[in-house]
Amino acid sequence: MKFKDFFDFKFSEIDIPSLILVFVLTGCGLIAIYSATSFVGAESNMQYFWKQMLGILGGLAMFIMLFSVRKSFLLSYAEVLYIIGILLIIIPFILSMVTSGTNRWINLGGFQVQPSEYMKFILIIMLAKVFSETRRSPLQAGYVLYPLGILAIPAILVFLQPDLGSTLIYGAIFVAMLFASGYKLYYIFLIAAPFITVLAAFNSWVFLVWGITVAVIIFLNNKNILFSVGMFLMNILVGVMTPFFWNAIKPYQQQRILTMLNPHLDPMGAGYQVIQSQIAIGSGGLIGKGFMQGTQAHLNFLPEQHTDFIFSVISEEFGFIGITLILFVYCFLVLRWYRMAITAKSTFSAMLIIGGTTALLAHIFINVGMTVGLLPVTGKPLPFISYGGSFLMTSFGLVGLVLNGNAE
Amino acid sequence: MPHEVKNRMDKYRVITLFVTALFLFIVIIIRFYSLQIINYSIYESEARGNMLNRIDIAAPRGIVFDRNEKKLIYNVPCYNIVVYPDIIKQHPETWEKISEITKVPIEKLQKSMKRNQYGSYRPAIVLRNINDKINAIINENILDLPGAEVAFDPIREYTNEILSGNLLGYTAEIRRRDMYKYRNAGYKLGDNIGYDGIEKQYENLLRGERGYRYKQVNATGKPLNDQAYEQTNPIPGNALYLTIDQDLQARAESLLVNYSGAAIVMNYENGEIIACVSSPSYDSDMFAEGLTQTEWDSIVQDKRIPLFNRAIRGQYPPGSIYKMITAIAALEKGVITPETEYECTGVFDMGRRSFKCSHVHGIENLNEAIAHSCNVYFYNVILALGIDDWSSYAKKMKFGELTGIDLPGELPGICPDRTFLDAQYGRRKWWKGMWLNMVIGQGDVLITPLQALLYTGILATHGKVVTPHLLRSIHYTENEAIENPVYPVSYVTDISASTWKEIDHGMLNAVQSSWGTGRTANVPGLNMYGKTGTAQNPHGEPHGWFIGYSKHKDFPYAVVVFVEYGIAGADVAAPVAGQLLKAYYYMREQ
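Chains as they are written, first to last, in the working numbering: chain F, 6 to 413; chain C, 5 to 594.
Hints should not be assumed to be uniformly reliable.
As the list claims (entries may be wrong) - DMTMM-like cross-link-like pairs, simulated, lysine to aspartate or glutamate; straight-line CA separation at most 20 Å:
| id | chain 1 | residue 1 | chain 2 | residue 2 |
| --- | --- | --- | --- | --- |
| 1 | F | 350 | C | 14 |
| 2 | C | 10 | F | 122 |
| 3 | F | 189 | C | 14 |
| 4 | C | 15 | F | 138 |
| 5 | C | 93 | C | 73 |
| 6 | C | 433 | C | 392 |
| 7 | C | 433 | C | 421 |
| 8 | C | 10 | F | 168 |
| 9 | C | 74 | C | 593 |
| 10 | F | 15 | F | 309 |
| 11 | C | 74 | C | 14 |
| 12 | F | 350 | F | 413 |
| 13 | C | 115 | C | 144 |
| 14 | C | 505 | C | 336 |
| 15 | C | 555 | C | 508 |
Simulated from the structure, these hints should not be mistaken for lab results.
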């Protein structure tokens, strides 16, 4: 095989508006990082700025690689990539047992690799292949089993690390692609129902209403009486067991979960970050305090301000107007990419587009939801803007995958 | 190599994803709108609260003047060495340098810091009231003394002309255990508050309003620089002008210096207190500079109880000065006329007991009985009058209730009546012999010197009841307004002119006749009226009283002098009273 069999540098087919807007976002990121890493009284420090520039170059390389890789190659080698990806996630587990280090990273001589990041591409490719080649009808319940297995292995491994954020993103990718593949909505509901049941079980009235809803939906879609009753009973069982599990976990674990839901329970501890982030955002007001003028950022009240909470810095310094502009760019990109799925030449391409776009959307929503206090603190950075070379490469790679799907 | 299959994706499913994404973005935008636009002001102030550390600037207390605009209480600059606990922790060498400059051992400085510390970032005083030389040395070397500085903090200074701690009061740091009482009024630990006297009474007028200096701090609370980011200046307390005349107060103090007792001079037309002395008193300045334990012990353990303000809190039997009440009641009720005569044989027998008089006065009328202060005459009168009318007239003279003077802690005394005796001894367990004691101001009757003075004023004005007061005017610092408080005045109206005439006559003879008991109080030219009192005291020598007033034109002043163990009113009290009014008359002339 020749190099040409693997890659096809079809640069003329790049969607130029997408690339321009991505660079607009990275530009905003550079400005915000410069501001977020300058502290009052400290000497100005450009090292984060230059490292981010380096990260953008790395991201571009990743973009070119995933944009240029031939889809035929991806289809042929999807399973191989998948197995390699799973092994890479397991390796740090084994290493951490020996060295008692972290189990998330593989250290390659000063250069750290986080396998769960690359698993995102692999999962999208693998699922795209499964959904586009399956012979089963999406109207059958069993249609989901194989793809669910594909998701389950990396999702469980990542959850055990523990990396809740990545688990959620894998889940979001899976659900979106499953939905796009035409799987019956009723079955998607049945998969999602137990998770909602767990949450509903904390309030008996909510649980009652939810239980009735489940029963009605199952009754309306009744095909097989045994299957329906079994599904209903499973949900009830999950709901009844939830309080026992809740009481079985240690109080500090309960506390951690509760603080996740309401940061004001622990304002000096776990909730500190979220409260300070909200103060930063709210005090920005309509037009912001101005570049380099954010007191929350520059006086060090904001935690992780150049990585996870970079959006709070922008909110504080550029206000509602600045934030709306950036969100508008993100929204425009996401919607533009979703639209590409309709015009894509093949189902596989469309699936790559759906997977990649959903992964980026999930990152944006999880990060921004965290900074504004809508979602728990999971420590996921913001695509294109947060500091960090590794994640820039993931983000650019996802764009490469999406635009690759869009190209002929 | 497998071939790609044609795109058979359902368009509407993609559109659903599209709409879901749009929905998520709208949710986020709404959340930002809520945080940044709707709740902007909440988060804005929280961000300010984060970045600004507030340091208090104490407000100088108000200055207190006497009636001639002489300063009674004022502030003097005081320089304290303060340290910032968080910074000095990192620079222990500062302690050694301060100790070297001030010659105070390090342990003592550190102990003082611990005592005055209210948080790591608030300055704590380690040495108070340093002299100019040390101040200069520290300021020259301030760069070598990280964590320390000299702070300006005015302290209270009290005039040295008078020594009336009871009247002026003092200020001191709020005791930790009392803090709960003051927190709602905006006080903080470490604040000074007025204790006793004028300082306590007019605390709210004198305290002023504290200012704040804001410094920018980072997340660990460390100030970024020395400059104030923002500053609200304190509002100094209001100036008070008292009715007191410092010179007369000083004279009264010196006249009573060897005695325990009280002397008060009042303008009986308007209630202004010109002098109000309780002897012995204490020096307010001792408190201003912080009292040592020995000093405090010496005040508290002094048997003559200098902290006790006798003028308003001392409750004593009034002795014969109470007799005018009986005379008024008996005349008004028609029990006697001015011509009614009783014979005094020096003793009065009732039941198995004999009640004595000071002399054998022979046959006397009312006028002579007042002037001679004859007991037997009044024994006869009270038996004819009865206790109910007697006590109702005592109450008209405002005994048994507070005069309403603007000083904290005034006590009401006891004005006994039938109800009181029933409660005290049980119904029908008391006998008329007690009346005989009470009518000459003994037994259960207790009054304060201030009540005696108010009573004197009523006698002098034929029924005008003023409110004794010390505050003449308030000069507000904030808007430079001047307020002259108005004090309530009432009248005792149902006493006839002929009765007043008889009382005046008796009190005139008591002072101005050659045979009056109060003749030592006479000041020729001042037209003095008065009455002595001698109250038997089971603990030793009797207490001496003198009440009196001048009817000289444009000199409407009443005086009361009370001397514990003063033997008789005529011996110490009356001459002091006379000298006081005489002194004030000449002070006013100048």
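Consistency of the hints with the structure:
1. F:350 x C:14: holds, 13 Å
2. C:10 x F:122: Violated, at roughly 30 Å.
3. F:189 x C:14: Status holds; Cα separation ~12 Å.
4. C:15 x F:138: Distance ~18 Å between residue 15 of chain C and residue 138 of chain F Cα, so the pair holds.
5. C:93 x C:73: violated, 49 Å
6. C:433 x C:392: holds, 17 Å
7. C:433 x C:421: The given pair, whose Cα atoms are some 14 Å apart, holds under the 20 Å limit.
8. C:10 x F:168: violated, 37 Å
9. C:74 x C:593: Within the cut-off at roughly 18 Å; holds.
10. F:15 x F:309: violated, 39 Å
11. C:74 x C:14: Distance ~98 Å between residue 74 of chain C and residue 14 of chain C Cα, so the pair is violated.
12. F:350 x F:413: holds, 7 Å
13. C:115 x C:144: violated, 25 Å
14. C:505 x C:336: holds, 12 Å
15. C:555 x C:508: holds, 10 Å
Hint compliance for this structure: hints 2, 5, 8, 10, 11 and 13 are broken, all remaining hints hold.
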